[in-house]
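Okay, so the sequence shown: first residue is 34 according to our numbering, each after it adds one.
Don't read these hints as lab results, they were simulated from the structure. Remember, predicted model here, so these are calculated numbers, not experimental data. A portion of the hints provided could be inaccurate.
Here are the simulated EDC-like pairs of lysine to aspartate or glutamate, each with C-alpha atoms no more than 20 Å apart in a straight line [claimed, not checked]:
#1 89 <-> 62
#2 89 <-> 58
#3 89 <-> 43
#4 89 <-> 78
#5 89 <-> 79
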Amino acid sequence: MRHAAALGTERPWFAIGGIDASNLDQVLEAGARRIVVVRAITAADDPAAATAELAKRVRAA
34 MRHAAALGTE RPWFAIGGID ASNLDQVLEA GARRIVVVRA ITAADDPAAA
84 TAELAKRVRA A
């Protein structure tokens with residue numbers, strides 16, 4: 034991710050793979066501004082709350 038972020042490309046890119054609430058800060062610190070999550074939402078006890086929390090944290094980055 035750091036490499037992709039450092040390229041400074043105008044093309045949007047997405048971080049994908051194993052992202053969840055426990056490692057989201059690391060992903061954002063590496064330069065990601067767009068993420069793709071599946072398990073973090075589908076496996077959550079409350080998928081709507083998990084979605085809202087992840088989205089809030091990405092927007093705040």
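Structure-based check of each hint:
1. Restraint check: the Cα-Cα separation between residue 89 and residue 62 comes to about 15 Å, which is no more than 20 Å; the hinted pair holds.
2. This hinted pair checks out: residue 89 and residue 58 have alpha carbons roughly 12 Å apart, not beyond 20 Å.
3. Taken as a hint, the residue 89 and residue 43 pair is broken in the structure, with Cα atoms around 24 Å apart against an allowance of 20 Å.
4. Taking the CA atoms of residue 89 and residue 78, the gap is about 18 Å. The hint holds against a cut of 20 Å.
5. Under the criterion of a C-alpha separation no larger than 20 Å, the hint pairing residue 89 with residue 79 is consistent with the structure, at around 15 Å.
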